[in-house]
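K.L.:
So the chains spell out like this:
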Amino acid sequence: MAQRTLRRKIERFLWRKPRAITEPLVVRWTAIAITFTFIGLFLVLPLAAIFTQALASGLTAYFRSLWDTDTLSAIRLTLITAAVAVPVNLVFGVAASWAIAKFEFLGKSVLTTLIDLPFAVSPVISGTIYVLFFGLHGYLGPWLKAHNIEIVFAVPGIVLATVFVTFPFVARELIPLMQAQGTEEEEAALTLGAGGWQTFARVTLPNIKWGLIYGVILCNARAMGEFGAVSVISGHIRGLTNTMPLHVEILYNEYNFVGAFAVASLLTVVAMITLVLKSFAEWKFKEESVQAAEEVEGLPQ
Amino acid sequence: MKLVLKQPSILPGFGLTLGFSLTYLSLVVLIPLAGLFARTATLSWERFWHTVTDARLLAAYRLSFGASLAAACLNLFFGLIVAWVLVRYRFPGRRLLDALIDLPFALPTAVAGIALTALYTDTGWVGRWLALLNIKVAFAPLGVVVALTFIGLPFVVRTLQPVLEDLDPEIEEAAASLGAWRRHTLRRVVLPELWPVMLTGFALAFARALGEYGSIVFISGNMPMKTEIVPLLMVMKLEQYEYAEATAIAVAMLLISFTLLLIINLLQWWSGQRHAAVR
Amino acid sequence: MNAKTTLILAVLGVLAVLSSVSLAQSGAAVLLNVSYDPTRELYQEYNEVFARHWEKETGQKVTVRQSHGGAGKQARAVMDGLEADVMTLALAYDIDEVSARAGLLPKEWQSRLPHNSCPYTSTIVFLVRKGNPKNIKDWDDLIRSDVSVITPNPKTSGGARWNYLAAWGYALQHNNNDEAKAKEFVTKLFKNVPVLDSGARGSTITFVQRSIGDVLLAWENEAFLFMEKVSKGEVEMVVPSMSILAEPPVTVVDKVAEKHGTVKLATAYLQHLYSEEAQDIVARYHYRPTLESVAKKYAQKFPQIPMLTIDSDFGGWQVAQKKHFADGGVFDDIYKPG
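Chains as they are written, first to last, in the working numbering: chain U, 1 to 301; chain W, 1 to 279; chain Y, 1 to 338.
Just chain U, same shape as in the assembly (with noise of 0.2 Å):
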């Protein structure tokens, strides 16, 4: 990455043109046009949908619907979900790749395997597993109710079934990162006299800040928006362990259309909210790198 810019740079200062490398004009603006109408039909208008219906009946009724004790109580557990199982699979993440990157061993690629596995399972697979694990009729169902402790029909539960769902996403974004940046620096770092926490918290983990980033808005932005996993393990408590998907689809199934679109329009805002953080942590990765190659540009030779 940093080599390309620089190569850029070079060029540029060159007054070098870059030859024929790309399209004749017409087929540019063709695969222009097929790139916005394709989006349009397909990410565009369902946005415009959602938010149309929302605000049928204009926005007092928009925001009164949003004020409602159930919803507010179904954000709140949205919220603590994803403040639960982000933590628990950022940890995991960097943990993972740490072992997977930095380490040649016996297994890894069954372990990376195993690893993506949830991304491949039915959310409603993924919910119902853990009511046949929990559940009352549950291999551990009958222990955990004679100590009285609640997971399934629970916001435990409900925690559960986001973590596994989530699970992958940090660590599919870290390991191929951490493996491109291989092993030299922490290496220096240690033959430098520096103790294990230091090398990782001073050289990895700037390295790797960027793709953490990425890798936490993504996980977030699927925890909050989990549907099919929640549903089968929440019990659809109202105002106990509603979710905001879950009450999107409660609120639908009363005919309240402005509400349920009021909902899903919220949590669309707050996913254009983590894309665009997202788009900022992207183009902050690349500024950065463009400093870097300036630094090595400013070096004596």
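Mixed in with the good hints, there may be bad ones.
Here are the simulated DSS-like pairs of lysine-lysine, each with C-alpha atoms no more than 27 Å apart in a straight line [unchecked claim]:
#1 K188/Y to K226/W
#2 K264/Y to K145/U
#3 K264/Y to K226/W
Just so you know, the hints here were simulated from the structure itself, not pulled from any lab data. Keep in mind the model is a prediction, meaning the values are calculated, not measured.
Given the coordinates of chain U, work out where chains W and Y should sit on it, guided by the hints.
P.N.:
Showing chains W and Y alone in chain U's frame:
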């Protein structure tokens, strides 16, 4: 040759991080999944086989696989164009488009399903024009494809983007300076570089589409033998209190997904090897 | 460090939210009512009325929590550990299963309260488009080739099973109890169904919001509620010549209530449903009341038609379920290829 469990390294923390990862992985993913298999094992082999090869389920496999395949192909084709445009061209609105790509990750699938259904029924914004052409999207297999395309789009684009950005323009320049036509350069030079990643993105979108439930139940119409997907049939088994049969369907789906993922990772490994060899 | 302060703030915020959640739970006695979809509005009002009644009687405050969803899904949740003090579901079959599979309540639960434990009943009617353009009057019209019918899937929706059985019962009566003819009738009917939603409300939305189909099979109370709440004048109700008595039962879940120490409260909650005050609410939310005096008051609203019952005409839910809706049953045959 001596079996090497772990190559020596001066970096610390291997035991700690691997141990933690394995414990966490086991607790959250492996043990609960094992429970699924254990529950299925209570069925006799004949009953299992009968359950997973039921005529309605076969029709559902056909739809799930067919629609997922179609959606993944659509995503591969359009995703390639989108990723190319976003990486290579500069035009107003590019950043906005780029940010939008992740939307299907974040939007609850049920909301996506409801919104798409509203758009594509005969009275919807898009559906009413398609109705004039006698094309039925919502409550037809085509609707399933539309929803799955929505779900899978980011996987293809986001896998392709970083690779496209890292693609060395020098090779293209070289080809161009040697007098190659642009489309030849694209076909002979750029495309082969992209193949492994395209496969990865394709397989990811495909695997994700196979398991999708939330959006499909709204748009498909759930007609037996016609627009039922596999996860729905699993839910129906649960609805009849047939837990073991439901887990049997889940296990069948899981094995298929796992195989797919393994293929993805093998492909990645293979392309990595090839890459290393070129270097 | 800036990042550190934000992190600390975030953690503090989470803790604050968590503690506020646990605070909200203290205080009044709590009852969990696990119900099916269309009773939301009814119980919203009844819970308040009951809370007032209970406080007047005993001085104790009570909060009733509600959980709604498809009847089968709700019953499964109770079996798997959702701690419902009372269940109020769409059909007795699902409660039977909870009793048989999880042993949370005795087998003869249905005889514990009056009217088969059904404080309110309903029936199956048709909703058609304004002016009834296809002139749909009775079950016969549903198998006409030019009519498209909307009903949810009997495999996933309790309400849809009543729809199906009503059609089956009509066909039997009009064909001298010839089962082959009845099967032909329901087969034709379901060939006219373009969309099988997984739940009753999904079907209603398909019919009205998406403008699909000429007639919707619906619970009478749902039809009333829908005409009142959503579509004013877009649809009309048609009452067929005969239908089925839909009996949504209620029960205390003994094992859970014993554990919570809420047996008395839960029993009173259900018994009060039979009181005049509650029966009036029931009728206002368009269910047919079982109390004579209230039924008389609302006689105008609910037309009297011959109605089949599940126990006398179909041999009870266990028999009906096995014959029609289990895997390999009559309903599956309808969609057999070829």
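K.L.:
Of the numbered hints stated previously, which ones are contradicted by the structure, given in increasing order?
P.N.:
Of the numbered hints, just 3 does not hold.
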